[in-house]
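Asker: Be aware that the sequence shown starts at 1, since it is given in UniProt numbering, and climbs by one per residue.
Simulated from the structure, these hints should not be mistaken for lab results. Treat each hint with caution, since some may be false.
[What the hints assert, rightly or not] Derived DEER-like restraints, expressed as beta-carbon distance ranges:
1. Asp333 <-> Ser67: 42 to 50 Å
2. His134 <-> Arg80: 30 to 38 Å
3. Arg182 <-> Pro275: 25 to 33 Å
4. Ser36 <-> His134: 42 to 50 Å
5. Ala66 <-> Asp177: 49 to 57 Å
6. Pro77 <-> Asp351: 32 to 40 Å
7. Ala233 <-> Thr320: 25 to 33 Å
8. Arg116 <-> Ser95: 44 to 52 Å
Please read all numbers here as calculations on a predicted model, not as lab measurements. Built from N, CA and C at the ideal position, the CB exists for glycine as well.
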Amino acid sequence: MATLIVTGASGALGQRFVADWLHAHPDGRALVLVRSAAAARACEAAWPPAWRGAVRFVQGDLLDAASMREAADSLAPVGRAVAVHLAADVAWHKSFDEMREMNVEGTLRFAGFVERVAREPHFVYVSTAFTRLHDWVYRNGYEESKAAGERALRERFEATMPISAFSCSLVVGDSVDGAIGRFHGLYPLIRFIASLAPPFLVGNRDGLMDIVPIDWVASELVQLTLRCAAGAAPSDVVAAAGDARLSYERIVRLIESRLDLARHAAGLPALAPVPILRMRQWAFLKRSLSTWRPEGISTGDFRYFERLLQIYGVYAESETVRAPLNTTRAAPDGERFLPLAVDYWLAHAPDAQAGLKRQLAAGVA
């Protein structure tokens with residue numbers, strides 16, 4: 001029976017993937033590489049107590065070669081293993097040089113660790129559907145570094161162990177109940193609309209955005225991992241929405257509709273549908289009115305707005321994403337799962353209800 005070796009298990013997708021893998025593989029064993037004891041505790045809190053005996057945590061820092069060697073030396077070798085590399089720096093605003101150490105060198109350190117602790121490893125590199133190895137215009141350091149990490153991995157290790165790749169697009173909450181362990185990705189945009197009622201957003205209103213629910217993504221990753229554990233040849237899987245993509249405007253309107261229900265329950269009026277400007281219109285405004293700031297938004301909030309545009313702007317303007325590949329089933333309908341994701345954020349994000357209460361206290365109309 002293959003052992004699962006995994007990084008990034010304390011992240012939203014990592015927590016869900018390991019839980020689903022153990023559920024599908026009840027007699028399995030997982031070796032979870034964590035950077036700290038706090039990360040191990042976060043994982044334990046997310047998984048049923050009955051599964052804890054199947055999991056062994058090993059501390060190792062992907063940014064520290066000596067730490068990774070020590071972690072490998074502390075373990076007895078295992079036979080067949082599937083190593084799933086989920087850990088990454090996923091900040092869209094950083095440069096390639098800022099992300100190289102984690103997303104390229106960290107990948108190579110983990111692959112070296114895997115070769116030391118597993119006699120028959122199959123490596124699964126988790127990436128993003130918003131990049132590919134070649135023939136791609138990288139829109140930020142994240143896309144470039146993930147592609148560079150995979151290229152370096154294949155150049156260094158493909159001759160000695162099979163390597164598969166799993167790429168997914170923008171992940172939101174579960175398609176059944178909206179649940180997710182962390183509010184990253186699309187959630188800062190939801191938070192911005194909810195807390196500030198912005199005078200406009202920026203993007204291609206008709207452009208299609210690729211969002212997928214975490215349960216579907218985790219299921220597809222589990223299926224790939226099980227195939228690898230069974231001795232299948234290396235393959236690539238792209239867990240993207242494909243024909244199920246929604247337009248940017250439709251995503252914004254779905255978010256607004258769920259926020260309006262919460263606002264009504266809190267005694268606040270509905271949001272006016274926020275206008276969506278093209279990037280060139282936003283650039284013209286900034287050039288024409290160098291000191292302009294929308295009424296009612298503080299300098300700090302406006303700077304946050306500008307940072308969001310730096311992060312989301314390219315994805316709100318560009319539809320470039322890989323098509324689905326080798327998935328076992330099509331992605332679910334975003335019209336159904338996105339409202340659930342917003343509702344879950346409203347119910348569980350610490351700042352969601354607090355923001356509504358602040359607006360009510362301030363008499364925001």
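Asker: Could one say that the CB atoms of His134 and Arg80 fall in the range 30 to 38 Å?
Answerer: Hint holds: Cβ distance 31 Å, inside 30 to 38 Å.
Asker: A range of 44 to 52 Å was offered for this pair. Does it hold for the Cβ distance of Arg116 and Ser95?
Answerer: With a Cβ separation near 32 Å, Arg116 and Ser95 fall outside 44 to 52 Å, so the hint is violated.
Asker: Holds or violated: the 32 to 40 Å window for the beta-carbon distance between Pro77 and Asp351?
Answerer: violated (46 Å)
Asker: In this structure, is the beta-carbon distance linking Ala233 and Thr320 contained in 25 to 33 Å?
Answerer: For Ala233 and Thr320 the Cβ distance comes to about 29 Å; the hint holds.
Asker: Arg182 and Pro275, beta-carbon distance inside 25 to 33 Å?
Answerer: Given range 25 to 33 Å: holds, Cβ gap about 30 Å.
Asker: Between the beta carbons of Asp333 and Ser67, is the distance compatible with 42 to 50 Å?
Answerer: The hinted range 42 to 50 Å holds for Asp333 and Ser67, with Cβ atoms some 44 Å apart.
Asker: Could one say that the CB atoms of Ser36 and His134 fall in the range 42 to 50 Å?
Answerer: violated (36 Å)
Asker: Between Ala66 and Asp177, does the beta-carbon spacing fit 49 to 57 Å?
Answerer: violated (43 Å)
When the structure is compared with the earlier hints, violations turn up for hints 4, 5, 6, 8 and for no others.
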